[in-house]
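Guided by the hints, dock chain G onto chain P, whose structure is given.
The listed protein sequences correspond, in order, to chains P and G. Take any residue in the first sequence, note its place counting from 1, add 86, and you have its number in our numbering. Take any residue in the second sequence, note its place counting from 1, add 41, and you have its number in our numbering.
Treat the hints with care, since some could be wrong.
Capping the alpha-carbon separation at 35 Å, the derived lysine-lysine pairs in DSBU-like fashion look like this [stated by the list, open to error]: (1) P/K205 / P/K230; (2) P/K116 / G/K100; (3) G/K355 / P/K108.
Derived from the structure by calculation, the hints contain no laboratory data.
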Amino acid sequence: MVVVERKELSFLERIYFPAILKGLKITMSKMFAPRFTRQYPEEPLPTNEVTRGQPRLAVNPDDTIRCVSCGLCEAACPAYAITIDGHETERFIEREPERFDIDMLRCILCGFCEEACPKDAIYMSNELELADFSRAALVYDIEKLKRPVSALQDRIDYVKKINDRWQTSSST
Amino acid sequence: MSMILIWLLITVACYGAVIGTAALMTFAERKVSAAMQYRYGPNRVGPFGLLQPLADGVKFIFKEEVIPAGANPWIFKLAPILTALPAMLAIAVIPFTGVIGTFEGTEVLGSIANPEIGILYVLAVTGVGVYGAILGGWASNSKYSLLGGLRASAQMVSYELSLILAVLAVVATTGSLNLHEIVAGQSGWFGWNVFSQPLAFVLFLVCSYAETNRHPFDFAECEPELVGGFHTEYSSMKFAMFFIGEYTAMVVMACLTTTLFFGGYLVPFWADAPWWMGLIAFGAKTSFFLLLFIWVRWTLPRFRYDQLMHLGWKVLFPLALINIFVTGLVISFGPGAN
Numbered sequence: 087m088v089v090v091e092r093k094e095l096s097f098l099e100r101i102y103f104p105a106i107l108k109g110l111k112i113t114m115s116k117m118f119a120p121r122f123t124r125q126y127p128e129e130p131l132p133t134n135e136v137t138r139g140q141p142r143l144a145v146n147p148d149d150t151i152r153c154v155s156c157g158l159c160e161a162a163c164p165a166y167a168i169t170i171d172g173h174e175t176e177r178f179i180e181r182e183p184e185r186f187d188i189d190m191l192r193c194i195l196c197g198f199c200e201e202a203c204p205k206d207a208i209y210m211s212n213e214l215e216l217a218d219f220s221r222a223a224l225v226y227d228i229e230k231l232k233r234p235v236s237a238l239q240d241r242i243d244y245v246k247k248i249n250d251r252w253q254t255s256s257s258t
Numbered sequence: 042m043s044m045i046l047i048w049l050l051i052t053v054a055c056y057g058a059v060i061g062t063a064a065l066m067t068f069a070e071r072k073v074s075a076a077m078q079y080r081y082g083p084n085r086v087g088p089f090g091l092l093q094p095l096a097d098g099v100k101f102i103f104k105e106e107v108i109p110a111g112a113n114p115w116i117f118k119l120a121p122i123l124t125a126l127p128a129m130l131a132i133a134v135i136p137f138t139g140v141i142g143t144f145e146g147t148e149v150l151g152s153i154a155n156p157e158i159g160i161l162y163v164l165a166v167t168g169v170g171v172y173g174a175i176l177g178g179w180a181s182n183s184k185y186s187l188l189g190g191l192r193a194s195a196q197m198v199s200y201e202l203s204l205i206l207a208v209l210a211v212v213a214t215t216g217s218l219n220l221h222e223i224v225a226g227q228s229g230w231f232g233w234n235v236f237s238q239p240l241a242f243v244l245f246l247v248c249s250y251a252e253t254n255r256h257p258f259d260f261a262e263c264e265p266e267l268v269g270g271f272h273t274e275y276s277s278m279k280f281a282m283f284f285i286g287e288y289t290a291m292v293v294m295a296c297l298t299t300t301l302f303f304g305g306y307l308v309p310f311w312a313d314a315p316w317w318m319g320l321i322a323f324g325a326k327t328s329f330f331l332l333l334f335i336w337v338r339w340t341l342p343r344f345r346y347d348q349l350m351h352l353g354w355k356v357l358f359p360l361a362l363i364n365i366f367v368t369g370l371v372i373s374f375g376p377g378a379n
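Chain P with its partners taken away, still in its complex shape (with noise of 0.2 Å):
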């Protein structure tokens, strides 16, 4: 059996007003305490590159496209997210796509598009928001998926550091 004792409270505690002031006393110190909420549009979440967020695909500084079409990551998607349709060209890489959607709605932003990608043409980028009014309106062109190699740099040189990891640690 659990018994309870309870402390006999003095006539100054009984009458409850020196605690109860005491609390007003907290409660007002903490009216003039910083506060925690984020005020989200003002101020965006932190990113960094390790943020997986929207895939990108990678704009080379001549303006050309890094991927080829060989569609390795539409294999890759988990999702069937990405649809991709190629054409050749008279660039040396010989491919580029003409058609290269992906769907914003279906996409889980698991990365293996990233990883499944030979010509290091397709990142996740930082950028997480994602809004409009109708669905038609979120399966992204290419062109809302070109990004300069610039604005994906940090994200890039992350993923190589990632994976040079094995060849580093490697002892075979």
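Just chain G, lined up with the frame of chain P:
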């Protein structure tokens, strides 16, 4: 003709001030509570979110009105009016400031009406306020609403006694029921009734929280036990009327605390202050008590129901009786008795 115009002006100003303050209080409540919890509170509508009450009002008007099946529609519709009306009627006698000036041989006072039985009128009118809660609770055909209404009425009965006895002590020391005379009786150094009647002030303060259904005595709308209490089934503007009634009652109670215990519109250490200074002094004192309403709400937890009854009948009521008895003795036999 122009005398009527002045009366109209004063009426509009008084009602506008009190109901405007009540609307602002809904905003202040959220803002202060947010600050006490390290948050910002509403800050999107207008500068600093100041237009939030307006947005809330628009929202309430456009919401769907639901009358539950089995409810008594007439009483259901009457209840919100009965809650908001008494609080608004009480505004009529509150002295916001002293003599503004003389016009056509008549003194224009800083209150809408100045009856000889001012404080009696306020007590009578605010006492009706509980009918809104109990009728609303009964007419809703919902067990939670009924329990909320019952609690409200039981609470009112137990606390109104102590409240009136506390006021009676003030009336006894002043020797008048007229609110302007009660204010005038508090002039001079330490003339405020809070210094001569500290116990009555504490009793009045505690009871006014119970009267306005505020924390820590808000049993009529105790969320964890009763969903929303007597207004569980209400929606749209009818719910807003309960809200307006509650906040107007709060403003009226803060005005009464100022008038009865803190010298009303008297400016400390400035006997012949102009009327607008009195208005500012009254506003400042009342604002403090309004802040106290919010401040206490976000500091104290809610009582238990048996504790509430215990406090009302076994602590506050005997204290009020002792207080009025001692006051009577001092007035009859103490210094200054004839």
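Hints, verified against the model:
1. P/K205 / P/K230: holds (20 Å)
2. P/K116 / G/K100: Since the Cα atoms of P/K116 and G/K100 sit roughly 32 Å apart, the hinted pair holds (cutoff 35 Å).
3. G/K355 / P/K108: Status holds; Cα separation ~25 Å.
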